[in-house]
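Trainee: Single-letter residue listing:
4 protein chains.
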Amino acid sequence: THFFDGKKHVIVTSSKVKEVPELLADYVEDHFVMETDIQLASRDYRSEKRGIKSLGIGPGKTAIIAGPCSVESYEQLDTVAQFLIKSGVKLLRGGCFKPRTSPYTFQGLGLEGLELLAQMREKYGLKIVTEVKDSSHIADVIAHADVVQIGAKAMYDHSILRACGQSNKPVLLKRGFGTTLQEFVQAAEFILSQGNSEVMLCERGIRTFENKTRFTLDLTGVAFLKHHTNLPVIVDPSHAIGYRYGVPDLTRAAMAMGVEGLLLETHPKPEQALSDAAQQLSLEEFEKLHQSLHPVATAVGQQII
Amino acid sequence: THFFDGKKHVIVTSSKVKEVPELLADYVEDHFVMETDIQLASRDYRSEKRGIKSLGIGPGKTAIIAGPCSVESYEQLDTVAQFLIKSGVKLLRGGCFKPRTSPYTFQGLGLEGLELLAQMREKYGLKIVTEVKDSSHIADVIAHADVVQIGAKAMYDHSILRACGQSNKPVLLKRGFGTTLQEFVQAAEFILSQGNSEVMLCERGIRTFENKTRFTLDLTGVAFLKHHTNLPVIVDPSHAIGYRYGVPDLTRAAMAMGVEGLLLETHPKPEQALSDAAQQLSLEEFEKLHQSLHPVATAVGQQII
Amino acid sequence: THFFDGKKHVIVTSSKVKEVPELLADYVEDHFVMETDIQLASRDYRSEKRGIKSLGIGPGKTAIIAGPCSVESYEQLDTVAQFLIKSGVKLLRGGCFKPRTSPYTFQGLGLEGLELLAQMREKYGLKIVTEVKDSSHIADVIAHADVVQIGAKAMYDHSILRACGQSNKPVLLKRGFGTTLQEFVQAAEFILSQGNSEVMLCERGIRTFENKTRFTLDLTGVAFLKHHTNLPVIVDPSHAIGYRYGVPDLTRAAMAMGVEGLLLETHPKPEQALSDAAQQLSLEEFEKLHQSLHPVATAVGQQII
Amino acid sequence: THFFDGKKHVIVTSSKVKEVPELLADYVEDHFVMETDIQLASRDYRSEKRGIKSLGIGPGKTAIIAGPCSVESYEQLDTVAQFLIKSGVKLLRGGCFKPRTSPYTFQGLGLEGLELLAQMREKYGLKIVTEVKDSSHIADVIAHADVVQIGAKAMYDHSILRACGQSNKPVLLKRGFGTTLQEFVQAAEFILSQGNSEVMLCERGIRTFENKTRFTLDLTGVAFLKHHTNLPVIVDPSHAIGYRYGVPDLTRAAMAMGVEGLLLETHPKPEQALSDAAQQLSLEEFEKLHQSLHPVATAVGQQII
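Protein chains in written order, with my numbering: chain A, -7 to 297; chain B, -7 to 297; chain C, -7 to 297; chain D, -7 to 297.
Honestly, the hints are just simulated from the structure, not real lab data. Incorrect hints may appear among the rest.
Since the list can't tell identical chains apart, any single copy or any two copies may satisfy a pair.
Each computed DMTMM-like pair below joins lysine to aspartate or glutamate, with the alpha-carbon atoms no more than 25 Å apart [claimed, not checked]:
(1) K218 with E276
(2) K41 with E277
(3) K204 with D268
(4) K280 with E40
Sequences are here, hints too, so could you generate the full structure?
Mentor: Here is the structure:
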């Protein structure tokens, strides 16, 4: 693959190619030999951490991304948006296309939901983070969102990865619950190698033998990603544990690791939520948690944005 | 959701609905209360096993589905096809859209590959099984294939599931390597509940802590699916172990369980294959294995087709 | 470590030692450089399969080892023993020290159970297979059993491994449910390197994310062990699935792989069993399964003993 | 089982017993009906958190337990001990019986190591934490240690659990890497139900499909244990990740969750360590991390001891 990085041409080959072909030798200014197919995301290629300019995300900053699991109505969304503005949160999340495992449950508001989110941006100046579930609605999501979230079940979808790679929207890529760290970074490579350098890696829990909790939040993996890649790392503790009681502790744990962002589910009336009722925080619970994050951030030299 | 099963209207609701609403009571002829969202695939709804009419697949039969991992050229495919015809195999498999994890490796021949497969059908009368990777090419795959294979990484994609549910092509649904049996059957429900009753469940290995083998073939799960669902079960041992040496033993193991089909990778020159070189059998190895399956089939009362 | 293999001295070092030290060079007749700490069990050290002489276990034979999960009483054991004799089964299994996870459930008959088993040997000529749970009773088990079974939870216990290595009793080593194949074979190395060459490896299910079944029987791992080690491989399908319904299919699957032994739980009244009630076969179910194994064995060139 | 809790008689039965038998009714002062076999460790039985009196461990405190993976020599241990005293650490850990998976590597100093640890206690007043690997040396460990650590591979060993239950030494119980949270707490129940109420639960990483890191630290499980049990929770990040680079971040993450203790490996010359060389911190790295923990502790209202 070939793309422009600023004004430079960048060509990426399989990691099996170990030297510059003779024919090209005169034209290549600089080259890197990589051990694995983790290439553009690797610290060997670019040692400084990448950031997301339009959002102010980067080293030393931790962005709070909050909102309901699903967009359900104007009233629901407006209540949350007002609340976030008061709390100083700048990124609103909300799902419109829900990747539910059962065909017999609520599937999301679709395009109508995207438009409700866009209204919140206009009304309150919030940035919108919303998820693409499959490639049939990728164009709509790119058009409406400020950050395109690629869901855990969609992260192997090349049509989505390619569309994101060719757009200029920042991408929040969720790790599949059965996805290795290697595969996760390779999915990011699909986007990076099309020329879009604004990719965030989001850990949201992997599937293990333990089933007292919904998933196992892989903070060991977060340590790996921080150390080996140049991409911002986001943590989603709500989906990982699947129960409200553990969200505050896990959020503070991720905060203490100095991650670049935290994805939190909050709903005005969690018990009435149309999806993930057990894990969403009420607005009061969210605010209490949010306040408790500031001293932890200070303790590890991060600034919450 | 609502669909026609023969001439009957069938309405499926969430398993949370436990009784017929009063308003509908006069119109409902028969109803089933299910414990979980496994409904149409459940033995409680339909106790006899479903089959695939056009392929002769069903109880007491084990279909061999063979061919290369990727369609690479006319010559490659023609060699395999001639070989299969001589062996008595009626189903040819071959991938055209490869769900590779790295963007820097061979991605498949795409539409050109589909057309090569269609030529084999015309020339030899073979039935074609080929995989859809994402929803951008689902229409092409449905148009060219006799059986639409939904890949392990695509099985949560609702656009694909819906398109398959609305087509009249049999579907071979692969289990994701991080997918629970419950979620796997629920993906089949998406297809069944749109009116397409010809769905096969294919176990191809799950991801576990063991990494001396590529995946762990879940034959315990196959026993579960045989017992609890009414859908035909197919086993793919090649992808599970990822190494040629174990394929014959695992294939015979699956055969001894009386599964409805076996998916096997064979290539004229495995060492030159553009994908999965380590696990594909040569044509000679395939034939030797194929011959060895007949006595096992007889021992458990199955007929190989 | 050092031991005698027949009349030869064998010295085993860490696999980090890559050449014979100069001082020893004159005394060393033959040496092997191994890649990993799988050494004596490796096909590189001894390519032909090991067997268990006293039991007739070895290549081409599949031994049936059957009996109740727990020894509960003389009557229970005598009923099973008579039944096995009639069926032609020569190896009786039964647990006396139960590694229960909860302290509030039945813990086994202990020494009294061992003596009941010994009575069955005298009365019927059956060989006795029974499990050691921790090192406090290892001497008793070695004294009473014909085969010492090391349980899945005890297989890292060096005192047990050492005691077994120094005894002349064959050992049936169960794989821990969280144990990699590498670690499993290394536990066997502990025994082999003390001079006891009669070790059988028993796969009994590993713990994965799937919880519709109790464990996941790792037949992919069995293929690995058959290919890479020289030790006999035994399969225990009862514990793996944890439910009676799947035992026959999984047993036939293991049979079709040509394993050297099958471990089956059978109880005169499974529903009254003091442990593992859900997975034990009744004597009738056992016999039906046993009969069905013969044609599968014949199909793959194995003889059932 | 029956034991004394202070001056009260406590009787624990299987959780299947749902009411007080008539015969005992007159003698029972209070009774609890538990849903599962998590009973004495449950918040339903005792809602306030238990602590370890002799060590000052309990709610609001986080104890640092530090030292080398293996006790190697007097010099090594003395260097570490002096260092810890200067840093204000009061608990010295060091292994004498190493549960190595390969028989061909360093197995620990055994009893000699225990005596070196005891010397450190006399010389510096440090409390000694050391691991029991199997029941053959449990009496020695109980005699020499201030805290008996039960290793991850030994935690199902009933002889060890029983010996610890009958001793008056605090117990640090490590979770097996293949052990569910339910089984983990049940192992603690074995100890508690013998009358020893001073048990700490130590999470040290579970085995998952991810192998870029050695294990996956289950902080989601830590959140579960904090919420559902009354036992102190300790975290061991060194063994979980297996690489030095991630230890500081994971330690701060655990600190931010307010756990009751942190187990850290530090060695004067990690690169020369006889075991776990890749994951031990140098004394300088340890001290840097130790210092960084204080502001995090303050941020979440914990005091480091």
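Trainee: With 25 Å as the alpha-carbon cut-off, assign the pair K218 and E276 to within, between, both or neither.
Mentor: between (31 Å within a copy, 22 Å between copies)
Trainee: Given a CA cutoff of 25 Å, do K41 and E277 count as a within-copy pair, a between-copy pair, both, or neither?
Mentor: between (32 Å within a copy, 23 Å between copies)
Trainee: Regarding K280 and E40, is the shortest C-alpha distance of 25 Å or less found within a copy, between copies, in both, or in neither?
Mentor: between (34 Å within a copy, 23 Å between copies)
Trainee: Should K204 paired with D268 be assigned to within, between, both, or neither, using CA atoms and 25 Å as the limit?
Mentor: Close inside one copy (16 Å) and across copies (22 Å); limit 25 Å.
Checked against the numbered hints given earlier, this structure breaks none of them.
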